[in-house]
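Given these sequences and hints, build the entire structure.
Single-letter residue listing:
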Amino acid sequence: MRAATGEPRPVRAALILGALAWLALVILLPLGAVFVEALRGGWAAYRAAVFEPDALSAIKLTLLVAAIAVPFNTVFGVAAAWTIAKHDFRGKDFLVSLIDLPFSISPVVSGLIYILVFGMQGWFGPWLREHDIEIIFAVPGIVLATVFVTFPFVARELIPLMTAQGRDEEEAALTLGAGGWQTFSRVTLPNIRWGLLYGVLLTNARAMGEFGAVSVVSGHIRGETNTMPLHVEVLYNEYNFVAAFAVASLLAGLALVTLAIKSFLEWRHRDALAAAGH
Amino acid sequence: MPGFGLTMGMTLLWLGIIVLIPLSALFIRSVGLGPGHFVEVAFSRRAMNAYRLSFGAAMAAAAINAVFGLLIAWVLVRYDFVGKRLMSAVVDLPFALPTAVAGIALTAIYADTGWVGGPLAQFGIKVAYTPLGVVLALVFIGLPFVVRTVEPVLADLGKGIEEAAATLGAGRLRIFLSVILPEIAPALLTGFALAFARGVGEYGSVIFIAGNVPFVSEISPLLIITQLEQYDYAGATAIATVMLLASFLILLVINLIQGRERRRLGGI
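Chains A and B are the protein sequences, given in the same order. Quick note: the first sequence uses the working numbering, first residue 1, plus one each step. Quick note: the second sequence uses the working numbering, first residue 1001, plus one each step.
Certain hints may be false.
[As the list claims (entries may be wrong)] Not the full set, but computed from the structure, chain A residues with beta-carbon under 7 angstroms of chain B:
id: 1; residue: Arg12
id: 2; residue: Ala33
id: 3; residue: Phe94
id: 4; residue: Val96
id: 5; residue: Ser104
id: 6; residue: Val109
[Stated by the list, open to error] Short, incomplete list of chain A residues facing chain B, as computed with Cβ under 10 angstroms:
id: 7; residue: Gly6
id: 8; residue: Val11
id: 9; residue: Ala81
id: 10; residue: Leu128
id: 11; residue: Glu130
id: 12; residue: His131
id: 13; residue: Ile133
id: 14; residue: Leu176
id: 15; residue: Gly212
id: 16; residue: Ile221
id: 17; residue: Gly223
id: 18; residue: Leu254
In short, the hints are calculated from the structure, not lab data. Predicted model, so just to flag it, every value in this text is computed and none were measured. The C-beta atom is built at its ideal place from N, Cα and C for all residues, glycine as well.
Right under this line is the structure:
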């Protein structure tokens, strides 16, 4: 006899199969296609596409941009979470909404706003030109746009976690004579490390994969201002599909590694992450 | 607690430099256009067609995702089966996969020569390079929003009322429709709104599969880029402002739903 609140076996099987079929069609098929298309020309063509100079410079630029944007947003996220979770002040909800803002803005608009500030027609355009400083259509613009789109990830991961953990442990440490920095590094940091790692991981994945915002500010200069996703677009538009999918497969690999670590963290440190709602 | 001044200062400084000042540039530019010129470029016939496609396709995709997202969340929460953890990880792939990669992969599959596009073409159904392709890309992008919003609410739902309803003789379908669905409706609506918001502004996964024909398969973000490339800053700014205001509106709706839900549950 089945429980009163369960479905009959055939219904249950049909629902599970339906869910699996949909995921296979919508998500797994495209993922598989990336690797199949990348290897369509064989290993030699794959290697040639990945080790070609423009591809290598795109990989280098992507790593460089992530190496700046991720630490920047990590420090910001921790500072913002400390302010919001460990203190009381008016307008807290509003501040959280402002931090979340970049999530709800179209990537193209995110790029455009930097053009309006730093571009030739922008606020600081003429001044920057006089002083020979390049931001738009150069690496600094790409970094800025990337920082913008990944701005909320770490903060959003840490705020609920640190709020749920409360302030008791920190207050105890302070009472015992620990300084502020000592309290943070010895008490708070160990408590939030898995949530922090999780946030950094998401920031990194998005930073390396961002397309729309970076596309607006990059100028698409081959070998100079093309990140990996932009390089994929250039190759694809030149009908060089094998090379496009080869570079794309590296990004897909990054996504898979990110998901694997994320799943591992959720499984191994479920309790430490639970407060963040995962 | 120490460090308030320092961390608050850092938060406000970076928020100002990275987010608020650049965003204000957009609004100030828009105001500078003057109301007449703004309306003219923001609501030109080409722009209106682009909005219709962006908002319409995002709406359709969010609706499809609400149905299948609920199905997947239900299966993940209620049933045990082999490969469940893997299935849960797969749901997050659209969050982690760069949009351009998703875009070219979907195009390869749904083009006339692709794995799925080929058979569909035999029946006269074209997906790639049509508005249908836009919907497909947005279905891919939006799915995790619905699953991840509905899942925790469904998991927290006590079985008490369901058992009571069953005792009173209600069938399974009736219980789902009149007991479970009302309980998870706010979460489902929030997931729908999040997927919709993401879809409206999405660019990377869409442009490869959309065909990008002005008036037909051109999304608003692409129109902004096209106008920038033609140095039409007024047009780009005006359309971007309309889209930004639309996303603020959606955000407001989401906050209202969640605020109401918190009050209903007695405030946490």
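Evaluated hints:
1. Arg12: Nearest chain B Cβ about 6 angstroms off; hint holds.
2. Ala33: This hint holds: Ala33/A lies near chain B, its Cβ roughly 5 angstroms from the closest one there, short of 7 angstroms.
3. Phe94: Check failed: Cβ of Phe94/A comes no nearer than 11 angstroms to chain B, outside 7 angstroms.
4. Val96: Hint violated; Val96/A Cβ to chain B Cβ min 11 angstroms, cut 7 angstroms.
5. Ser104: holds, 5 angstroms
6. Val109: holds, 5 angstroms
7. Gly6: holds, 8 angstroms
8. Val11: holds, 8 angstroms
9. Ala81: This hint holds: Ala81/A lies near chain B, its Cβ roughly 9 angstroms from the closest one there, short of 10 angstroms.
10. Leu128: Cβ of Leu128/A sits 14 angstroms from chain B, so the hint is violated.
11. Glu130: violated, 20 angstroms
12. His131: Cβ of His131/A sits 19 angstroms from chain B, so the hint is violated.
13. Ile133: violated, 16 angstroms
14. Leu176: violated, 14 angstroms
15. Gly212: With Cβ-Cβ at 4 angstroms, under 10 angstroms, it holds.
16. Ile221: violated, 14 angstroms
17. Gly223: violated, 18 angstroms
18. Leu254: OK, holds: Leu254/A within 10 angstroms of chain B, min 8 angstroms.
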